[in-house]
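Novice: Now for the letters of each chain:
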Amino acid sequence: MERVMMKGNEALAEGAIRAGCRFFFGYPITPQNEIPEYMARRMPEVGGVFLQAESEVSAINMVYGAGGAGGRVLTSSSSPGISLKQEGISYLVGAQVPCVIVNVARGGPGLGGLTPSQSDYFQATKGGGHGDYRLLVYAPGNAQEMVDLIGLAFDKAEAYRNPVMILTDAIMGQMMEPVVLPPLREVSPDKPWATTGKKGRSKPNLINSLGIVGEDLERINVELQAKFARMAADEVRYEADGVEDADLVVVAYGTSSRVVRSAISRLRQEKKKVGLLRPVTLWPFPQQILAELAAAGKRFLVVEMSAGQMVEDVILSVNDRAKVTFFGKLNGTVPTVKEVYDRIMSLLPEGGEE
Amino acid sequence: MTHEIICAGFGGQGVMLIGQLLAYGGMLEGKEVTWFPSYGPEMRGGTANCSVVISDQPVGSPIVAEPDGLIAMNGPSLTRFKTAVKPGGVIVYNSSLVTAVPALPGVKICAVPANELARELGNDKISNMVVLGAFLGLTKAVAVSSIETALQQVLPARRHHLIPLNSAALRKGFSLVTE
Amino acid sequence: MKKIFAYPRALSPKRTHYCPGCTHGIIHRLVAEAIDDLGIQERTIGIAPVGCAVLAYEYFDVDFLEAAHGRAPAVATGVKRVHPEAIVFSYQGDGDLASIGMAEIIHAATRGENITVIFVNNTVYGMTGGQMAPTTLPGQKTTTSPYGRDTATVGYPIRVCELLATLDGPAYLERVSVHDPQHIIKAGRAIRKAFALQVAGKGFSLVEVLSSCPTNWGMTPTQALRHIKEVLVPYYPLGVFRAPEEVSGDDA
Ligand SMILES: Cc1ncc(C[n+]2csc(CCOP(=O)(O)OP(=O)(O)O)c2C)c(N)n1
Ligand code: SF4
Ligand SMILES: [Mg+2]
Numbered sequence: 001m002e003r004v005m006m007k008g009n010e011a012l013a014e015g016a017i018r019a020g021c022r023f024f025f026g027y028p029i030t031p032q033n034e035i036p037e038y039m040a041r042r043m044p045e046v047g048g049v050f051l052q053a054e055s056e057v058s059a060i061n062m063v064y065g066a067g068g069a070g071g072r073v074l075t076s077s078s079s080p081g082i083s084l085k086q087e088g089i090s091y092l093v094g095a096q097v098p099c100v101i102v103n104v105a106r107g108g109p110g111l112g113g114l115t116p117s118q119s120d121y122f123q124a125t126k127g128g129g130h131g132d133y134r135l136l137v138y139a140p141g142n143a144q145e146m147v148d149l150i151g152l153a154f155d156k157a158e159a160y161r162n163p164v165m166i167l168t169d170a171i172m173g174q175m176m177e178p179v180v181l182p183p184l185r186e187v188s189p190d191k192p193w194a195t196t197g198k199k200g201r202s203k204p205n206l207i208n209s210l211g212i213v214g215e216d217l218e219r220i221n222v223e224l225q226a227k228f229a230r231m232a233a234d235e236v237r238y239e240a241d242g243v244e245d246a247d248l249v250v251v252a253y254g255t256s257s258r259v260v261r262s263a264i265s266r267l268r269q270e271k272k273k274v275g276l277l278r279p280v281t282l283w284p285f286p287q288q289i290l291a292e293l294a295a296a297g298k299r300f301l302v303v304e305m306s307a308g309q310m311v312e313d314v315i316l317s318v319n320d321r322a323k324v325t326f327f328g329k330l331n332g333t334v335p336t337v338k339e340v341y342d343r344i345m346s347l348l349p350e351g352g353e354e
Numbered sequence: 001m002t003h004e005i006i007c008a009g010f011g012g013q014g015v016m017l018i019g020q021l022l023a024y025g026g027m028l029e030g031k032e033v034t035w036f037p038s039y040g041p042e043m044r045g046g047t048a049n050c051s052v053v054i055s056d057q058p059v060g061s062p063i064v065a066e067p068d069g070l071i072a073m074n075g076p077s078l079t080r081f082k083t084a085v086k087p088g089g090v091i092v093y094n095s096s097l098v099t100a101v102p103a104l105p106g107v108k109i110c111a112v113p114a115n116e117l118a119r120e121l122g123n124d125k126i127s128n129m130v131v132l133g134a135f136l137g138l139t140k141a142v143a144v145s146s147i148e149t150a151l152q153q154v155l156p157a158r159r160h161h162l163i164p165l166n167s168a169a170l171r172k173g174f175s176l177v178t179e
Numbered sequence: 001m002k003k004i005f006a007y008p009r010a011l012s013p014k015r016t017h018y019c020p021g022c023t024h025g026i027i028h029r030l031v032a033e034a035i036d037d038l039g040i041q042e043r044t045i046g047i048a049p050v051g052c053a054v055l056a057y058e059y060f061d062v063d064f065l066e067a068a069h070g071r072a073p074a075v076a077t078g079v080k081r082v083h084p085e086a087i088v089f090s091y092q093g094d095g096d097l098a099s100i101g102m103a104e105i106i107h108a109a110t111r112g113e114n115i116t117v118i119f120v121n122n123t124v125y126g127m128t129g130g131q132m133a134p135t136t137l138p139g140q141k142t143t144t145s146p147y148g149r150d151t152a153t154v155g156y157p158i159r160v161c162e163l164l165a166t167l168d169g170p171a172y173l174e175r176v177s178v179h180d181p182q183h184i185i186k187a188g189r190a191i192r193k194a195f196a197l198q199v200a201g202k203g204f205s206l207v208e209v210l211s212s213c214p215t216n217w218g219m220t221p222t223q224a225l226r227h228i229k230e231v232l233v234p235y236y237p238l239g240v241f242r243a244p245e246e247v248s249g250d251d252a
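Chains as they are written, first to last, in the numbering used here: chain E, 1 to 354; chain F, 1 to 179; chain V, 1 to 252.
Careful, some of the hints might be misleading.
Claimed, not checked - PhoX-like mimics (lysine-lysine), calculated; alpha carbons at most 25 Å apart, straight line:
id: 1; chain 1: F; residue 1: K172; chain 2: E; residue 2: K338
id: 2; chain 1: E; residue 1: K338; chain 2: F; residue 2: K82
id: 3; chain 1: F; residue 1: K86; chain 2: E; residue 2: K271
id: 4; chain 1: E; residue 1: K272; chain 2: F; residue 2: K108
id: 5; chain 1: E; residue 1: K338; chain 2: F; residue 2: K125
Claimed, not checked - Derived list of chain F stretches under chain E, where covered just means 3 residues or more per stretch with a C-beta under 8 Å from a C-beta of chain E:
id: 6; segment: 54 to 68
id: 7; segment: 76 to 83
By construction, these hints were calculated from the structure, which means they are not laboratory data. Note that CB positions come from ideal geometry on N, CA and C, so glycine has one too.
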């Protein structure tokens, strides 16, 4: 299979096109501009639509329209823009409209900075908008996963009729790595619920999130919760590397998992028993495996580029059965391999060598 | 074997390109590679740099903090990164723009008068290729021929007529340190 | 003796981060001169946009608020309602004001909010790397209109002064340019007048300034100035689109 070098952002954009995405609506913001810029060049070549909206608010509502009409639709932005999309995301969930939303996150709060950050974890996984809802959230760990997970994201979004989010960051977006691209898929949408014009159907289709009658709203919510429960049961993904015989399991996703991996490979050369647990889905969170590892007596270190967000889910998962330590970065910089290495060393039991 | 490399210089000196060529060349040799640029506001104010990792193993952090290879195309980049280079590492710098470099313990330092050599070949703009050639000669990070193949893929078609010139520059730099 | 060239008091003596040949700096200077002239430095409050002028607060020696992208007129409204005696101005780019912030500017204008807006139109999103703006000219290539702005699919540029002139709210609307010394002098007068009207309590004033972005236009500074004169001015005609009768001309 031919490998090509691509920037993460471009790999993601091409991956979306290969997965049959033909509609893109977005608004410029660093560090995700490579995605709309790529789409502006590429969509016309595949007969798709690229439209620069006048704002993120508008872009997410274009997504609502295009997704509701049955299109495979993508929008991307970075943190401040994702905040603006929250109202629309809540409506998309309420009306069960599939779509994919990419957040190439940067440091916040407020205007923040352009540097990479993982401080939008809460927003992505706990529901950034109003109402009782969940998004399936994927966190790619390399350029290949940018391609693979965006393809999967479209399929899952349509299978569950729910928005799916890709949460990544500036390092993943700007870095170039070799990728193998899948062949171009044309997806012929079989979406009987979509607003296409009645075309002989006896009942008109409606895309709507209004539940003005209490019982209606309850029915909608029961239906949604059942769907989220199915997602939680079936969609967990993670990578476990050397966790079985580890004394310490480091939990990290995206860019921090890359730094952790470098630190761990140094430690393993020194015969230290350290494993990596990398959540690929941030929601649903890989609770089960963490609970099992905790029961097996492991200790945990969580590394994030934030003040500590995912660490709360790790603590919930291990449920007092294990000690969880946190190491984070707040200044928009990435932890260095040495920092992570030193932190792990400080946590290893005395004489932890074989 | 893992090579962790920083390429740095003024914007416009082609440091991003030589970094990409290294990564591309590594990929063509079946290695795992990453290329990571400085971006955004860091770019304003003149200096650009990128990190390249070439390895037999999957690459962890794409950000190189302690390189074993540094390509410095100008003075400010040399000043900024030289002390980060690991013992046993290599620094290749453009001596057309930088005067005297004090020795660093355990680090091999190589001066390449890249602008002069490039001018001899008839084009100032390929000074980056001369330095890259010398770097390859010293580190064998990837083969010159892999970089030549990479040029075909990295350069847009309308600039392919420049490939022979780029090759000549690479080979000039390479032979400077190997002969 | 009259001093011809002096550093405006309302401007901090700092080096700006703007690219060589960018006219944001000139516009800053004109705003500062107007503030000096009217003696309002101690009661002026600026609102910085999100765009290349995001750091405007670094360069003016007056109080400042940084607004979210496009929301400066709403922020200015809030400030003005708390301090009606303050002189409140926003400084906004074309992406900021005419795209994401279109609702805020229209509503501030139609309310006749007694604020001054300095609107810097350089036909691109400068800060984010030269994407298409609502003001990008037909056919103009940008990073998100790589084949040139196609009016069949993305429509036409927005002429903000003309658009706002359809409302009854604004007191003063003028478009100026800064591509040569004569035009800079005229621009300075317009900006001074806009502030003077606010001081006189006349209501909403906006000055649109045609500005250069050599970096994203891919031009030298001189080419960029010529581009304003030869390409932008014909599309965006200079002139007054709304002026209150009682305050006229240069002595406003
Ligand atoms: C909500 C949100 N969306 C997008 C951005 C990214 N952004 C920063 S500046 C800018 C546009 C700047 O263009 P313009 O207003 O024309 O100002 P210029 O830089 O050209 O002076 C954008 C889209 C942001 N900061 N916040
Ligand atoms: S990018 Fe354009 S608008 Fe921004 S500072 Fe540079 S020249 Fe000025
Ligand atoms: Mg602009």
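Novice: It remains to establish, for every hint, whether it holds in the given structure.
Specialist: How the hints compare with the structure:
1. F/K172 to E/K338: With Cα atoms ~37 Å apart, F/K172 and E/K338 exceed 25 Å; violated.
2. E/K338 to F/K82: With a Cα-Cα distance of about 18 Å, the restraint between E/K338 and F/K82 holds, given a limit of 25 Å.
3. F/K86 to E/K271: 23 Å, holds
4. E/K272 to F/K108: 32 Å, violated
5. E/K338 to F/K125: Between E/K338 and F/K125 the Cα gap is close to 37 Å, so the pair fails against 25 Å, i.e. violated.
6. 54 to 68: Answer holds; 9 residues pass the 8 Å Cβ test.
7. 76 to 83: With 0 residues closer than 8 Å to chain E, the segment 76 to 83 of chain F misses the three-residue bar; violated.
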